[in-house]
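Assemble the whole structure, with the sequences as input and the hints as a guide.
Each chain, letter by letter, is given below.
Number of protein chains: 6
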Amino acid sequence: MTANPIRPTIPLDAPGKAHGFLRLPYSRNDSAWGSVMIPITVIANGQGPTALLTGANHGDEYEGPIALQQLAWEIEPEEVTGRIILIPYLNSPAFRAGTRVSPIDQVNLNRAFPGKPDGSPSQKIADYICNTLVPMADVVLDYHSGGKTLDFLPFAAAHYLADKTQQEACFAAVRAFGAPYSMMMVEIDAVGMFDTAVEEQGKVFVTTELGGGGTATARSAEIALRGAKNVLRHAGILSGGIELAGGSRMLDMPADDCFHFATCDGLVQSLVDLGDAVTAGQPIARIWPKDRSGVAPEEVRANRDGLLAARHFPGLVQGGDCLAVIAVLV
Amino acid sequence: MTANPIRPTIPLDAPGKAHGFLRLPYSRNDSAWGSVMIPITVIANGQGPTALLTGANHGDEYEGPIALQQLAWEIEPEEVTGRIILIPYLNSPAFRAGTRVSPIDQVNLNRAFPGKPDGSPSQKIADYICNTLVPMADVVLDYHSGGKTLDFLPFAAAHYLADKTQQEACFAAVRAFGAPYSMMMVEIDAVGMFDTAVEEQGKVFVTTELGGGGTATARSAEIALRGAKNVLRHAGILSGGIELAGGSRMLDMPADDCFHFATCDGLVQSLVDLGDAVTAGQPIARIWPKDRSGVAPEEVRANRDGLLAARHFPGLVQGGDCLAVIAVLV
Amino acid sequence: MTANPIRPTIPLDAPGKAHGFLRLPYSRNDSAWGSVMIPITVIANGQGPTALLTGANHGDEYEGPIALQQLAWEIEPEEVTGRIILIPYLNSPAFRAGTRVSPIDQVNLNRAFPGKPDGSPSQKIADYICNTLVPMADVVLDYHSGGKTLDFLPFAAAHYLADKTQQEACFAAVRAFGAPYSMMMVEIDAVGMFDTAVEEQGKVFVTTELGGGGTATARSAEIALRGAKNVLRHAGILSGGIELAGGSRMLDMPADDCFHFATCDGLVQSLVDLGDAVTAGQPIARIWPKDRSGVAPEEVRANRDGLLAARHFPGLVQGGDCLAVIAVLV
Amino acid sequence: MTANPIRPTIPLDAPGKAHGFLRLPYSRNDSAWGSVMIPITVIANGQGPTALLTGANHGDEYEGPIALQQLAWEIEPEEVTGRIILIPYLNSPAFRAGTRVSPIDQVNLNRAFPGKPDGSPSQKIADYICNTLVPMADVVLDYHSGGKTLDFLPFAAAHYLADKTQQEACFAAVRAFGAPYSMMMVEIDAVGMFDTAVEEQGKVFVTTELGGGGTATARSAEIALRGAKNVLRHAGILSGGIELAGGSRMLDMPADDCFHFATCDGLVQSLVDLGDAVTAGQPIARIWPKDRSGVAPEEVRANRDGLLAARHFPGLVQGGDCLAVIAVLV
Amino acid sequence: MTANPIRPTIPLDAPGKAHGFLRLPYSRNDSAWGSVMIPITVIANGQGPTALLTGANHGDEYEGPIALQQLAWEIEPEEVTGRIILIPYLNSPAFRAGTRVSPIDQVNLNRAFPGKPDGSPSQKIADYICNTLVPMADVVLDYHSGGKTLDFLPFAAAHYLADKTQQEACFAAVRAFGAPYSMMMVEIDAVGMFDTAVEEQGKVFVTTELGGGGTATARSAEIALRGAKNVLRHAGILSGGIELAGGSRMLDMPADDCFHFATCDGLVQSLVDLGDAVTAGQPIARIWPKDRSGVAPEEVRANRDGLLAARHFPGLVQGGDCLAVIAVLV
Amino acid sequence: MTANPIRPTIPLDAPGKAHGFLRLPYSRNDSAWGSVMIPITVIANGQGPTALLTGANHGDEYEGPIALQQLAWEIEPEEVTGRIILIPYLNSPAFRAGTRVSPIDQVNLNRAFPGKPDGSPSQKIADYICNTLVPMADVVLDYHSGGKTLDFLPFAAAHYLADKTQQEACFAAVRAFGAPYSMMMVEIDAVGMFDTAVEEQGKVFVTTELGGGGTATARSAEIALRGAKNVLRHAGILSGGIELAGGSRMLDMPADDCFHFATCDGLVQSLVDLGDAVTAGQPIARIWPKDRSGVAPEEVRANRDGLLAARHFPGLVQGGDCLAVIAVLV
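Protein chains in written order, with UniProt numbering: chain A, 1 to 330; chain B, 1 to 330; chain C, 1 to 330; chain D, 1 to 330; chain E, 1 to 330; chain F, 1 to 330.
Keep in mind that the hints were calculated from the coordinates and are not lab data.
Heads up, a few of these hints could be off.
Which copy is meant is left open, because identical chains are indistinguishable; a pair holds if it fits in one copy or across any two.
What the hints assert, rightly or not - No farther apart than 30 Å at their CA atoms in a straight line, the calculated lysine-lysine pairs in the DSS-like style are these:
1. K116 to K290
2. K164 to K17
3. K164 to K290
4. K17 to K290
5. K203 to K164
Remember, predicted model here, so these are calculated numbers, not experimental data.
Here it is as structure tokens:
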């Protein structure tokens with residue numbers, strides 16, 4: 001059995017605050033003895049639980065990286081009881097390239113878990129996180145947003161789990177996060193996800209979708225930052241009280257027909273915006289041809305009542321792209 | 001003197017409604033006798049002025065293309081007195097590629113005017129528009145948005161011109177457009193712009209910035225569509241009355257210090273959102289390093305009081321990118 | 001065991017005629033929730049056998065796609081007894097890109113069978129075809145041509161099989177196809193081929209090579225279309241009688257020395273054309289250097305008597321490319 | 001005035017036979033002091049006229065390069081009265097890359113004449129040929145074929161010229177060439193062509209289109225070789241008699257409506273082949289969609305009676321590509 | 001079990017001298033029936049041991065290819081007792097591209113052993129070498145240098161092995177090689193290396209690092225050539241006596257802290273050169289920012305006493321690249 | 001006449017020490033309102049002459065950038081009488097990419113002078129340097145090395161000029177620089193060079209070639225740094241005395257036959273190293289084929305006596321590349 005070659009440049013269990021890297025040797029044409037360097041910050045003090053917070057699992061999602069950089073800079077050991085491990089750019093090659101998947105091996109990191117210690121660079125990262133860092137943690141918060149091609153209403157989420165005690169602990173953390181929307185999810189295709197890998201180890205796990213389009217707004221970054229602090233306080237690791245900014249509405253995506261796919265390539269005309277109410281049969285988008293004028297657009301109609309919870313972001317669409325997701329308030 | 005090789009596949013002066021192409025022969029590796037095809041729709045009826053409406057001057061700006069596709073599909077000749085020439089995808093190679101500049105010659109079409117009849121493909125397009133189509137027009141509306149890398153408060157605009165009668169006619173059309181914001185602009189660097197080429201021919205010219213990020217929302221597309229109809233009605237070409245949706249606030253960008261530039265590469269944290277009020281000296285954005293955690297961010301502060309009118313859109317920034325524009329209400 | 005994520009958007013077993021897609025979810029940088037869409041047409045009526053017809057297994061071979069598009073458009077359910085499943089662009093990403101192998105994963109689809117349900121996109125396509133569609137079929141016709149880099153005399157072919165009854169059924173279908181040439185083949189390297197995957201399920205299988213060069217002529221497309229109708233009529237699925245256009249000559253490629261390889265890079269001068277008779281030792285091609293004039297070319301001579309059945313198509317060749325195939329009439 | 005930096009590595013006026021290069025210094029990232037090397041062969045003997053023969057003006061056309069390599073290898077000085085200058089790969093960067101236009105500067109060499117001595121590499125080549133080599137020549141033969149994207153009936157051609165004596169001399173050379181088809185052409189857009197640059201110097205000029213698809217057949221290469229020898233013999237430079245292989249039929253492309261353009265992107269189904277007779281209104285091609293099955297194709301019909309003289313070669317087409325050319329026999 | 005498809009074009013066991021290829025069928029977009037061709041020379045005479053000499057395991061390392069080309073050209077069978085198998089360009093696709101890893105499959109060949117007969121092209125090469133050629137050999141010499149991104153003091157090396165008799169035989173061959181430096185190595189990460197694959201078969205194995213930077217000097221090529229002859233003479237295969245050019249100094253890299261990594265991206269300023277003595281704590285390199293002037297550089301200090309044995313070669317560095325290796329003389 | 005849009009972010013004439021940028025607005029796909037940022041440092045004190053020092057005119061040459069970064073960091077205003085303007089990365093886009101020519105417009109900056117204020121980005125940089133900064137300067141030092149593809153003996157140089165007083169002033173500065181070699185040059189092709197643009201303004205100009213291969217050694221960087229200080233002291237701008245490290249030998253490249261070009265593509269075997277003496281007719285390099293073993297190499301012989309002053313650096317060469325330069329000691 002091959003050992004994972006990733007090594008931290010700082011101790012992960014020393015008290016105080018340290019900034020370093022997870023170093024993954026990576027031989028390539030432009031550096032025979034090069035490395036992938038993943039920044040990591042550890043803030044530890046006294047006895048207590050460990051939280052692992054990760055951003056940029058997909059490299060084009062920015063709320064997590066911003067929040068974690070700010071926490072790494074601001075939190076002092078004396079505010080901590082236990083340990084906080086912060087990895088703002090989990091998929092650092094993708095983050096530096098501004099892409100969803102890793103430019104090194106074209107792997108979608110969030111479908112590469114539990115990873116392989118002797119696999120491609122992304123598979124090695126997944127293996128190290130899953131088999132070295134997650135076992136150290138009690139609570140894991142992994143940030144997502146829509147990236148450059150999707151846009152979401154901001155929500156935190158937990159999964160329906162076989163272990164109802166674990167499920168309730170997860171959802172309690174989601175409530176503590178305090179995003180404008182919250183969601184309980186059944187993951188249709190959970191294979192390879194970080195979420196699954198963490199939950200199978202019995203940990204408290206929170207995920208999010210906080211916006212998208214390949215940008216972060218002042219508001220979406222603030223949701224991310226406040227949510228992280230709230231989860232850390234909820235876990236008893238960070239001092240201070242939970243701060244909620246207004247209530248959180250419960251969303252649900254109950255069935256496959258929530259998802260609406262483009263039937264052809266073209267120029268997208270959205271007819272409703274995120275958060276707008278829709279009724280079944282209502283036109284929600286048009287697709288115009290890219291090569292001519294004067295013909296009728298394809299029209300996409302809502303499969304069900306609800307509100308627009310996610311949408312395709314770029315102005316152009318390809319047949320088969322997810323164009324819209326309609327969720328229901330519960 | 002070489003003649004411009006672009007030819008329309010439909011007559012530009014026949015009554016009725018016709019859809020065709022401006023065909024520009026373009027020999028390339030994958031088609032020795034290929035062409036650039038620019039869709040065009042002409043709707044003409046009776047005697048009256050001519051309006052020329054253009055979208056996708058930059059290929060990643062979508063409000064104009066959507067509005068013009070809808071007009072090309074909906075307007076019937078009997079609603080028209082005069083002529084409407086619609087070119088939803090002026091820079092069609094860039095539009096099809098989803099890029100700002102043309103993938104064929106890397107030219108920024110909006111700095112290529114008045115064009116060259118024997119130049120690169122973009123220069124030929126500029127020459128044909130400027131020297132064949134604009135002379136036919138009385139009113140020209142050219143749509144812009146922020147594209148994939150900028151985001152704007154939605155406004156229509158005209159320029160300060162030496163000919164005050166022309167200036168007033170332009171601004172009257174801006175008022176008719178009815179965007180949430182309106183602006184009178186001094187163009188610092190007007191060389192090569194379509195705007196300048198049109199204004200120098202004494203035409204009524206309206207330009208816009210209606211959003212950005214490489215997407216269009218239902219709301220921003222609606223502003224674009226209503227604005228075009230209003231301008232056409234204001235010009236007496238389209239039947240029906242002007243529809244204004246609330247008032248339009250006057251913006252001004254009075255000086256160079258409205259523009260704030262990134263001082264280094266990194267991850268952007270916006271501290272204010274579009275439309276937020278700011279005061280001079282207030283931090284408006286941070287830039288975090290892409291390669292490490294735990295260090296203080298660069299902080300960008302407001303040069304002046306005002307409101308955030310435009311911002312860098314992608315989550316990553318490079319040194320020298322325009323990070324924010326502060327405008328003032330007048 | 002992971003389930004294959006491909007889903008048809010139309011029922012595969014309903015009577016009548018339906019056009020839809022095989023949808024394969026495919027997350028990528030330019031569409032986080034994107035899909036590969038493979039067009040499919042099903043025409044079913046009454047009780048009878050099922051035929052599966054596939055084109056563009058390699059994306060740069062065009063006779064199959066043309067014939068299958070025409071059949072999908074023309075055949076009406078009332079002409080059918082049983083079911084016809086038409087997939088004009090089996091390797092749709094490669095077809096859209098005009099390449100032999102898939103631009104998504106660089107996989108040669110015809111060496112990816114029987115596929116993997118959790119593999120790369122091409123491996124998922126192979127698995128779905130092999131394990132979902134082929135089991136529904138009695139007869140499978142998979143179209144090939146030389147693609148952009150080879151050119152062939154037009155032939156249909158079957159393989160020598162251990163099961164002589166199956167072998168005879170396959171060759172009867174080849175005769176029914178009625179191409180100008182027919183062939184019985186021993187596949188040297190059958191691993192991973194669609195052919196093998198189908199034959200191992202005991203099905204009647206016909207393959208073809210109908211031309212090449214990355215184009216289809218009117219004549220080669222007509223051979224493809226008539227061949228498909230003939231196979232469908234031979235199987236009793238399509239009404240009407242078999243139409244043969246002149247006889248079919250039997251070709252054989254009896255040994256490894258039929259294949260002639262380029263011994264260096266250079267400019268190819270063919271000395272014989274497809275169908276020309278050659279005798280052992282006769283010069284059949286020259287290779288001239290790409291970087292100088294005035295030196296003698298490399299000369300390639302025929303290893304055996306026969307006729308030129310296939311040749312390297314592009315004007316330039318690389319050392320190791322197959323330059324010519326000499327077959328014998330039997 | 002800047003001097004052209006191209007230098008021959010052999011004398012161009014010495015008796016005998018010499019092989020060398022035209023060396024064009026070209027500084028680039030992968031060779032700071034690199035060069036473009038264009039192979040050249042000069043065969044001279046006694047007093048007599050000079051012929052300049054050029055191939056690969058477009059880098060993906062192969063009949064000329066093959067014929068000129070064979071002549072450079074075979075012709076001995078004692079067969080020559082005067083001088084033969086052979087440049088098999090005029091656009092050598094494009095020839096080595098197998099592309100129509102130069103990969104260095106993306107310039108179409110046959111639209112770059114008369115060139116610029118201080119321009120891009122292609123412009124420097126054009127200038128050197130036009131202003132140094134052509135003035136040495138009495139007869140110029142420049143080979144063309146359809147390249148990778150067009151296919152032609154094989155013909156040699158001359159242009160209608162103001163100087164009727166020159167025109168007749170050119171056409172006499174075309175007749176001597178002896179291709180299966182011959183043509184007198186009015187060049188619609190002659191700006192930048194090598195043809196024009198040569199004719200304006202009063203030289204005898206012959207051009208060809210001898211096939212296409214990015215390949216040469218044994219037959220098309222033989223036409224090219226025999227034609228060159230015939231032109232050289234006709235000019236009294238090469239010993240031996242003109243060899244005609246059957247008659248040459250006169251073609252004409254009398255008007256713009258000979259050219260048929262694709263109206264959309266898609267998969268091409270040719271309904272007639274090169275040399276087939278067509279009548280006005282007859283369907284000559286269909287275009288099927290690349291993204292779906294079951295819809296009617298676009299149909300392209302003949303604008304006029306005639307025979308198919310050229311066609312789009314690749315299986316896929318883009319809107320605006322020339323799909324077919326119908327010529328008439330005269 | 002799939003058989004490896006690689007076939008030699010010459011017999012590997014015939015007496016005399018033969019030059020040919022290892023031919024690996026490789027279907028790709030630009031040649032459907034293409035091949036990877038790996039040049040090979042076999043020189044055999046009488047009874048005796050077999051030596052296998054390989055260069056360009058990494059495609060950008062040139063001393064081995066030069067030495068082996070010269071041996072293949074110079075050595076005559078009568079100088080040989082036994083057999084010499086020379087493969088100057090083991091990773092021929094990478095060698096032709098001038099890259100470390102194969103451009104075909106992005107695989108680092110020296111981490112792909114023992115290979116897979118049905119894997120990617122690099123894995124097939126590894127399998128063929130490991131399971132067909134190495135079993136024929138008694139002695140294996142595999143050349144390495146630093147490639148384009150590292151530079152080394154010139155040394156030959158053997159590994160510490162469990163079998164001390166084998167280890168001594170290997171080191172005796174290293175001494176015979178006679179490089180300016182010699183080394184005994186513990187390979188930290190031996191998985192996938194050619195070295196390991198050979199040693200596990202009980203063979204005598206010598207490896208080298210002879211310079212770097214993507215070039216070879218006259219001196220470094222001479223070390224490589226003389227070393228190969230010496231090893232062949234030491235093994236009794238080549239006639240003549242061992243020629244040593246001065247003594248060889250023993251180097252050791254005893255611990256992980258010999259390796260110094262860049263802590264950020266930037267411009268490298270080396271403060272010591274290869275072979276210079278350093279003391280612990282001494283600054284050995286600076287890293288200046290690429291985007292600004294006037295700030296202090298990062299400084300890298302020696303972890304230990306020794307001499308500079310290897311260094312990062314390119315002027316720019318990325319965080320995580322190996323910047324320097326300090327070795328000790330023993 | 002268009003004004004150059006480049007603006008410094010710091011005053012160029014204020015006393016003290018300031019670090020900033022030359023900002024060139026550059027609209028591109030990934031930043032609509034982006035800029036090229038060129039770092040600049042100005043150190044001024046009292047009355048005295050101005051020196052302009054520039055590095056990375058070609059982006060892959062590193063001695064200049066290192067020396068200028070160190071000067072920008074170390075020199076304090078009190079050591080200065082007059083003004084020092086330091087631009088470590090003149091061609092900053094190429095420097096950041098590690099390429100000779102600019103990745104933005106593929107322009108070789110050192111052939112773009114005197115530039116164009118409305119040209120491509122490189123042309124704008126050339127214009128600003130030439131027409132804004134050089135007029136401020138009395139002495140200009142522009143650093144060069146061989147870059148990634150050439151390697152040089154280290155020398156400083158001046159040109160033979162019509163104005164002998166200016167020439168002597170330049171050569172006095174060369175002597176002051178104190179490189180191991182010095183040279184007086186006749187520039188064959190001086191068009192477009194920075195050198196020419198500076199000399200035509202009557203300034204004292206020094207250029208260098210200090211090594212190459214895309215790296216800098218500790219020794220070559222030290223030559224660069226000492227040389228700059230010496231030139232500044234020689235000009236009376238920097239306090240302290242000139243430090244010479246051993247004598248400087250005078251080199252000359254008297255004729256075109258100093259330059260030796262590769263006659264074919266292949267693998268380079270150098271037979272002499274930089275500084276080695278050679279005699280006319282001596283073999284200095286071999287070129288081995290990249291695609292086969294066992295054939296004789298091309299051999300390149302010295303055109304004249306002298307010493308090897310420059311050589312092609314990469315292990316592979318293309319026909320037409322400069323392989324070697326032989327200089328003579330004078």
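Results of checking the hints against the structure:
When the C-alpha separation of K116 and K290 is checked against a cutoff of 30 Å, the pair qualifies only between copies, where the shortest distance is 26 Å, while the shortest distance within a copy is 43 Å. For a Cα distance limit of 30 Å, the shortest separation of K164 from K17 qualifies neither inside one copy, at 35 Å, nor across copies, at 48 Å. Taking identical chains as interchangeable, the C-alpha atoms of K164 and K290 are never at most 30 Å apart, the minima being 50 Å within one chain and 39 Å between chains. In this homomeric assembly, K17 and K290 come within 30 Å of each other (Cα to Cα) only across copies, at 20 Å, whereas the closest approach inside a single copy is 54 Å.
Proximity of K203 and K164 under a CA criterion of 30 Å is satisfied intra-copy only: 12 Å inside one chain copy versus 49 Å between copies.
The structure is inconsistent with the numbered hints 2, 3, although it conforms to all the rest.
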